[in-house]
Amino acid sequence: MTVQASTTETPDAASAPRSSSPRAARGTARRSAAGIWFVLPFTVLFAVFLIWPLIAGLWASFTDRSLAKEDSSFVGLANWIEMFGDPAVWQSLWVTLLFTLITVPPLVAIALAMALLTHRATARIGWFLRFSYFAPFLMPVAVVTLIWEWMYQPEFGMINDVLATVGIPGASWLTGEDTVLPAIALTTVWWTVGFNYLLYLAALQGIPVYLYEAAALDGAGAWRRFTSITVPMVRRTTTLIVLLQMVASLKLFDQAYLMTNGSGGPNYAARPIIGYIFESGFTGLRIGYASAISYLFFAVIIVVSVLQLRLFSRKEDAA
Amino acid sequence: MRRRSTTGPGPAPALGRRTFLAGGLAAAGTAMAGCGPPDTVLSGKRRLRQWNLFTGGDGARMVEMHDAYRKQHPGIDFQTSTFQWGNPYYTKFAMGAAGGRAFDVATLHVSRLRGLGAGTLISPVPTDLLAQHGITRDTVTPNIWDTCTIDGELYAIPLDTHLVVNYFNRPVCEKAGVLDADGDLVAVSDEDEFFEVCAAVKEVTGQYGVVMDTTHAWRPFWSLYRQLGGELTLDGELAIDDDKALRALDFLRRISQDGLAPQSSDGAATPANFQNGIAGLMLSGNWELPTLKDAGMDFGMRPFPGIYGEELGQGDSHCFVLPVRREPDEDAVAAAVEYAAWMLKHSITWAGGGHVPAYTPVTESQEYADLQPQANYRRAAEAVQFDPSAWFSGSAAQLQADAGAIFTGVHTGAVTPKAALNRFKRAAQNLIDTPSPV
Chain A
1 MTVQASTTET PDAASAPRSS SPRAARGTAR RSAAGIWFVL PFTVLFAVFL IWPLIAGLWA
61 SFTDRSLAKE DSSFVGLANW IEMFGDPAVW QSLWVTLLFT LITVPPLVAI ALAMALLTHR
121 ATARIGWFLR FSYFAPFLMP VAVVTLIWEW MYQPEFGMIN DVLATVGIPG ASWLTGEDTV
181 LPAIALTTVW WTVGFNYLLY LAALQGIPVY LYEAAALDGA GAWRRFTSIT VPMVRRTTTL
241 IVLLQMVASL KLFDQAYLMT NGSGGPNYAA RPIIGYIFES GFTGLRIGYA SAISYLFFAV
301 IIVVSVLQLR LFSRKEDAA
Chain B
1 MRRRSTTGPG PAPALGRRTF LAGGLAAAGT AMAGCGPPDT VLSGKRRLRQ WNLFTGGDGA
61 RMVEMHDAYR KQHPGIDFQT STFQWGNPYY TKFAMGAAGG RAFDVATLHV SRLRGLGAGT
121 LISPVPTDLL AQHGITRDTV TPNIWDTCTI DGELYAIPLD THLVVNYFNR PVCEKAGVLD
181 ADGDLVAVSD EDEFFEVCAA VKEVTGQYGV VMDTTHAWRP FWSLYRQLGG ELTLDGELAI
241 DDDKALRALD FLRRISQDGL APQSSDGAAT PANFQNGIAG LMLSGNWELP TLKDAGMDFG
301 MRPFPGIYGE ELGQGDSHCF VLPVRREPDE DAVAAAVEYA AWMLKHSITW AGGGHVPAYT
361 PVTESQEYAD LQPQANYRRA AEAVQFDPSA WFSGSAAQLQ ADAGAIFTGV HTGAVTPKAA
421 LNRFKRAAQN LIDTPSPV
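Quick note, the sequences are listed as chains A and B, same order. For reference, each letter of the first sequence is one residue, going 1 to 319 in the UniProt record's numbering. For reference, each letter of the second sequence is one residue, going 1 to 438 in the UniProt record's numbering.
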């Protein structure tokens with residue numbers, strides 16, 4: 001392999017340390033030089049809009065930078081120390097995690113159930129199911145929250161009306177400390193489940209029909225076929241959906257902000273960590289402090305993502 | 001097992017050469033327009049950039065006034081920018097003012113003067129220049145003028161006052177027998193009287209007597225606390241009168257627990273509840289007036305009821321401010337002051353939106369007296385209670401947000417007034433201890 005590499009120009013030649021032929025080296029250099037122009041636009045954008053803000057944000061977290069002042073000074077770890085002692089940080093972080101815990105399972109399970117329904121449906125109503133399941137996802141967040149805010153109204157909202165007809169007393173959904181986060185979670189599930197549904201539908205359509213036929217011939221019932229064929233066959237999709245969904249749920253902000261009119265809900269029961277970052281940075285004008293909290297949250301997301309990747313890759317190995 | 005056939009990514013969407021070129025040219029054109037020479041050079045006109053936070057009905061009225069202003073000032077190239085109320089506006093205001101190139105004159109809530117940098121980002125108004133245009137302390141509601149003054153310097157030119165007032169559904173209140181001979185809602189002089197009025201109205205509506213925004217209970221709280229003579233100090237050590245604050249909070253608890261007001265009614269639901277006739281009275285900002293008028297409701301307005309004495313109501317004032325300039329530009333300041341004075345003198349249009357003009361010749365005019373129901377609460381503007389002053393207080397600022405999140409539980413019964421007061425005190429002390437960003 002090495003001999004070959006030094007005489008012919010295989011793609012491996014570039015990385016082979018012992019390729020000493022001048023011709024090969026020249027060719028490699030030329031090829032790399034051309035490659036730079038292809039990656040340059042992306043690299044520049046990546047550096048300007050991701051790497052640089054990351055560094056600037058970290059730097060800002062050590063200063064008392066404010067929106068209302070031009071100059072700022074270095075304050076060392078003051079923001080970080082304040083942050084670790086600030087109960088609002090931990091409370092809002094808990095709200096975010098709680099929201100993730102209560103939204104991810106239904107967003108995965110309901111999406112799969114809806115995909116199964118559509119997959120089995122006849123062509124005549126299939127398009128209708130696909131459309132109606134996916135349609136909410138196309139709506140802008142402002143519209144979604146407006147609709148649900150009215151439905152949740154305690155005095156004349158649809159939800160309490162419906163509950164009243166079956167004899168269940170209604171609630172003050174968005175102004176109750178215990179109900180506000182579940183209410184927002186319900187809205188979120190309704191709004192975003194369509195995306196996961198589409199992914200599942202595509203995965204289901206990729207499962208060969210003869211697997212089911214063979215299983216049916218062997219006497220496997222519907223439940224057995226579901227647990228032994230469908231679930232394993234869509235495992236990769238499930239991994240992807242759970243990963244995407246967890247990150248999406250952790251990033252909760254817009255709907256919580258809009259549905260509580262920016263107040264964070266009664267006793268901040270629905271103020272996610274991004275809401276608190278927004279409050280500190282924009283309402284409170286303290287960019288330095290907000291940057292420190294952003295970094296804490298960044299760390300949390302990284303930890304969650306790493307844990308999850310580990311968990312799922314082990315499962316994949318086992319399978 | 002069959003190998004899963006995965007389809008690769010489809011072909012990239014074809015971006016035609018012509019489309020690309022056309023797009024590039026358009027982009028270049030836009031870019032060049034952005035960095036062209038200032039308009040002043042081209043047109044010989046004086047440029048005046050105004051920033052504001054008025055949308056909806058207020059926005060329409062401001063545009064109407066601006067059109068008239070433009071017609072009378074052909075020599076001025078008048079440019080306006082409108083941003084969304086609240087945080088979206090204030091962040092842009094702060095950053096624009098810090099950058100020093102954003103605006104020549106901007107609107108602001110007077111309660112945010114300290115939080116947005118009076119002296120650091122906002123420069124004092126030359127009062128002699130303003131006086132030349134006929135605007136002095138004598139021609140503006142004096143208590144509002146004084147709120148615009150910090151350490152003897154005038155930092156803002158007040159356009160109006162807006163405050164919580166008492167709306168009443170005329171047919172409902174008539175049936176309830178709570179209207180006086182002139183067809184106005186009867187005045188009350190204590191808590192029990194107000195509860196009696198609410199109960200009488202409730203008899204008619206069948207559901208509630210009064211409705212108010214329970215998610216933003218700061219406004220009624222502050223109104224009641226001030227009626228009780230309460231003071232709140234936010235400098236250094238928090239000072240609040242516990243007994244008076246508890247009484248005000250207990251009012252919020254009682255009115256909801258007794259079923260006279262809904263336990264929860266947010267910003268959007270409150271006017272809707274009033275319009276739907278669920279309640280016959282509403283305690284809310286005067287800015288809801290255009291909405292209710294457009295809905296064709298038969299309603300009246302009067303000052304916030306004097307539940308604990310005088311008819312004091314929480315409020316604020318829209319004002320004009322000038323930015324701090326790194327390089328002095330007297331012509332720009334002169335144009336900005338002239339503009340602000342012009343707006344004050346023509347604020348009868350502004351009064352159509354429910355706000356009480358700050359310029360007294362307008363509020364004393366016959367034209368204003370003919371405005372109904374605006375004229376009925378004109379005197380409330382003199383009794384308006386501004387928020388206590390701190391960098392974190394005022395409209396859409398942190399203290400109001402904290403109060404909203406905490407007090408909403410008093411209405412629903414989730415927290416006792418005592419617990420709510422303790423939480424509020426903790427939140428306020430926390431803000432006091434936070435290093436000031438301005």
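Calculated from the structure, these hints are not laboratory results. One should not assume that every hint holds.
Each pair of labels, with its calculated beta carbon distance range [claimed, not checked]:
id : chain 1 : residue 1 : chain 2 : residue 2 : range
1  : B       : G413      : A       : W90       : 46 to 56 Å
2  : B       : D243      : A       : Q308      : 46 to 56 Å
3  : B       : G99       : A       : A47       : 42 to 52 Å
4  : B       : Q72       : A       : W190      : 30 to 40 Å
5  : A       : R236      : B       : G56       : 27 to 37 Å
6  : A       : V304      : B       : M65       : 21 to 31 Å
7  : A       : F156      : B       : P171      : 49 to 59 Å
8  : B       : G100      : A       : M139      : 56 to 66 Å
9  : B       : T416      : A       : L117      : 27 to 37 Å
Heads up, incomplete: computed chain B residues facing chain A, CB under 7 Å, no partners named [stated by the list, open to error]:
id : residue
10 : T91
11 : G96
12 : A102
13 : G119
14 : G267
15 : Q372
16 : A375
17 : N376
18 : P437
19 : V438
Calculated cross-link-like contacts (lysine-lysine; reagent style DSBU-like; alpha-carbon spacing at most 35 Å) [as the list claims (entries may be wrong)]:
id : chain 1 : residue 1 : chain 2 : residue 2
20 : A       : K251      : B       : K71
21 : B       : K293      : B       : K345
22 : A       : K251      : B       : K244
23 : B       : K92       : B       : K425
24 : A       : K69       : B       : K345
25 : B       : K425      : A       : K69
26 : A       : K69       : B       : K45
27 : B       : K293      : A       : K69
28 : B       : K71       : B       : K345
A quick note: this is a predicted structure, and the numbers were derived from the prediction, not measured. Note that the Cβ used here is the ideal one computed from N, Cα and C, for glycine as well.
Results for each hint:
1. B:G413 to A:W90: 46 to 56 Å: The hinted range 46 to 56 Å is violated for G413 of chain B and W90 of chain A, with Cβ atoms some 27 Å apart.
2. B:D243 to A:Q308: 46 to 56 Å: With Cβ atoms ~53 Å apart, the hint holds.
3. B:G99 to A:A47: 42 to 52 Å: violated (24 Å)
4. B:Q72 to A:W190: 30 to 40 Å: Violated: the Cβ-Cβ distance is about 53 Å, outside 30 to 40 Å.
5. A:R236 to B:G56: 27 to 37 Å: Taking Cβ atoms as reference, R236 of chain A and G56 of chain B lie about 49 Å apart, which means the hint is violated.
6. A:V304 to B:M65: 21 to 31 Å: Cβ of V304 of chain A to Cβ of M65 of chain B: about 53 Å, so the range 21 to 31 Å is violated.
7. A:F156 to B:P171: 49 to 59 Å: Between F156 of chain A and P171 of chain B, where Cβ atoms are some 20 Å apart, the hint is violated.
8. B:G100 to A:M139: 56 to 66 Å: violated (40 Å)
9. B:T416 to A:L117: 27 to 37 Å: violated (49 Å)
10. T91: holds (5 Å)
11. G96: This hint is violated: G96 of chain B lies away from chain A, its Cβ roughly 10 Å from the closest one there, beyond 7 Å.
12. A102: violated (13 Å)
13. G119: Violated. Min distance 11 Å.
14. G267: holds (5 Å)
15. Q372: violated (29 Å)
16. A375: violated (31 Å)
17. N376: With a minimum Cβ separation of about 27 Å from chain A (threshold 7 Å), the hint on N376 of chain B is violated.
18. P437: It holds, given that the least Cβ distance between P437 of chain B and chain A is near 3 Å, below 7 Å.
19. V438: holds (4 Å)
20. A:K251 to B:K71: This hinted pair is violated, its Cα atoms lying about 49 Å apart.
21. B:K293 to B:K345: Measuring from Cα to Cα gives roughly 25 Å; hence the hint holds.
22. A:K251 to B:K244: Distance ~41 Å between K251 of chain A and K244 of chain B Cα, so the pair is violated.
23. B:K92 to B:K425: holds (30 Å)
24. A:K69 to B:K345: The given pair, whose Cα atoms are some 34 Å apart, holds under the 35 Å limit.
25. B:K425 to A:K69: With a Cα-Cα distance of about 28 Å, the restraint between K425 of chain B and K69 of chain A holds, given a limit of 35 Å.
26. A:K69 to B:K45: Cα-Cα ~32 Å, so holds.
27. B:K293 to A:K69: Violated: K293 of chain B and K69 of chain A sit about 43 Å apart, past 35 Å.
28. B:K71 to B:K345: Roughly 16 Å between the alpha carbons, so the hint for K71 of chain B and K345 of chain B holds.
Against the hints set out earlier in the document, violations occur for numbers 1, 3, 4, 5, 6, 7, 8, 9, 11, 12, 13, 15, 16, 17, 20, 22, 27.
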